[in-house]
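Residue-level listing of the chains:
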Amino acid sequence: MTAADDHNDDVPLAGEYALHLLDADERSAFEDRLNKEPALRLIVAEWNADFVVLSDDIEPVTPPAQVKAKIDTLLFADPKKPRAGWSIWRLMAGAGAALVLGLAVLVVVPPGDETIAFTPRFAANIAAEDQSLVVRASYSPEAGVLRIDQLAGTARPGRVLELWLIAEGAAAPVSLGVLPDQASTDITLPDALVDQIDGGTLAISDEPIGGSTTGAPTGDVLAAGAVISI
Amino acid sequence: MTTRDEVENLIARVGLGDRVAFSALYDATSAKLFGVCLRILNDRAEAEDALQEVFVKIWQKADTYAANGYSPMTWLITLARNLAIDRLRMRKAGSVDIDEVYDLADSGPTPEAAALASSERKQIDGCLDELKPDRADAVRGAYLDGYSYNELAARYDVPLNTMRTWLRRSLINLKDCLTR
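The listed protein sequences derive, respectively, from chains H and B.
Going by the UniProt record's numbering, the first sequence opens with residue 1, and the numbers climb by one from there.
Going by the UniProt record's numbering, the second sequence opens with residue 1, and the numbers climb by one from there.
If a hint is listed, it holds; no wrong ones were tucked in.
Each computed EDC-like pair below joins lysine to aspartate or glutamate, with the alpha-carbon atoms no more than 20 Å apart:
#: 1; chain 1: B; residue 1: K32; chain 2: H; residue 2: D57
#: 2; chain 1: H; residue 1: K36; chain 2: H; residue 2: D25
#: 3; chain 1: B; residue 1: K92; chain 2: H; residue 2: D25
#: 4; chain 1: B; residue 1: K32; chain 2: H; residue 2: E59
#: 5; chain 1: B; residue 1: K57; chain 2: H; residue 2: E31
Read the hints as simulated data drawn from the structure, not as lab findings.
Start from the sequences, fold in the hints, and give me the full structure.
Take a look at the structure:
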C-alpha cells in the first residue's frame, strides 16, 4: 500500500508537478493543495524518490573553487543574516557603502607629495564571518599597488595565509602570494591581473608554509570578499 | 565515499547552523549536484550560479529536512534539479524561439536513454522499459532536460493535447509498475 492508492487522479498530476510540466496556473493551484494536504505531499515525495534514480548516470563534476568562496561570502561575510531572495550583488553593494565610509578615514594622501599617490579605486573587505580574520584590500591603478591591511587575525602556527584573486567568470583562483606576517603589505599586481580586479573576489586560504604547491587553494577558505569600485 | 547516514548527519548539523558541517556537506555532495546543474543547464557559468543558489537554499532549509520524508541525496538532488529547471525556464521565457524548438526536435533521444546501466537500478528503469520507447524518453527528457509540454510536443511532432494525454497515461502506467 502506498499513499497513492487512494488518490488515483492525483498520481499523474503529482508526477507532472514533480517533472515541472504544469503551467504557472496549474502549478500554483497544485501548490495551494500541497500546503493543505499531507497525503499529496507524500505522493510528490514518492515521485521525486522514483525520478531521482534517473540522475544516477550524471557524472559528478568538481565545481571551481570560487563557487564555495562565493557561497561563503554570500552566507557568512555580511553580519546581517541573508534573506531569501537577496542577491549576492545587493549584499555586496551594502558592504561597499560601509567600505567607502571606512576608507575615507584610512586614506591619507599628503598634498603636493611628489611620489605617485596611492588613490584606491577598488576595495574589498576580506573577512571571516566571526571577524576572526579581517583583511582590507585596496587597489590604486595609478600606483599599480594592491595594499593589504591585516586588521585582525593571523595564520595558525605552522601555517600561512595565502591571498587569491577569483576574477569574474574565471575558472579558477589565481594566487597573489602568501601574506607576510605584518600589518600592512603592498603587492604589485602582474599586468595580466590588473584588468581582472574589478568585479572579482579576493579570498584568503589556510596553506602550508611556503604556500599552496598545487596552484590552487589546498586548505580552508578562511575569508572572502568582493572587490568593489569606490 | 560518504554514506547515506553521514550525509543525513551533516544535513542535521547544518540545520543547527554548523558551518564546519556545511563545508563537509559541500565537499561530499557539490560535485554530484554541480553535475546535475550542468546536465540540465548545459552552461558552466549558469550551473555555477545555480549551485551557489542550491547551497544557499540548503543552508536556509536544512532545519526542515528531517520532517520532509526524503532520503538525503533525493532531497539534495531534487533541490538542485528543480532550481536548475527554474533557471532554464527563466532563460527560455525571454526567447520563445521557434528555431530552438526545432533544434530540440532534431537532437534525437538523449544519450542517457541509450546508455542506461542495467545493474544497481531501482525499478524505474525496468518500469520505463515497459513503456513505449518514445514515451519513456519523454519522461526522461522532462526530468533530465526540463522539457516543457510544448517542447515535448515539438520534439515528438504531436499536438500538445496528445502529448499531455501520452505523458499522463505513461505516468499512471509507470506508477502501477512501480507499486506492483
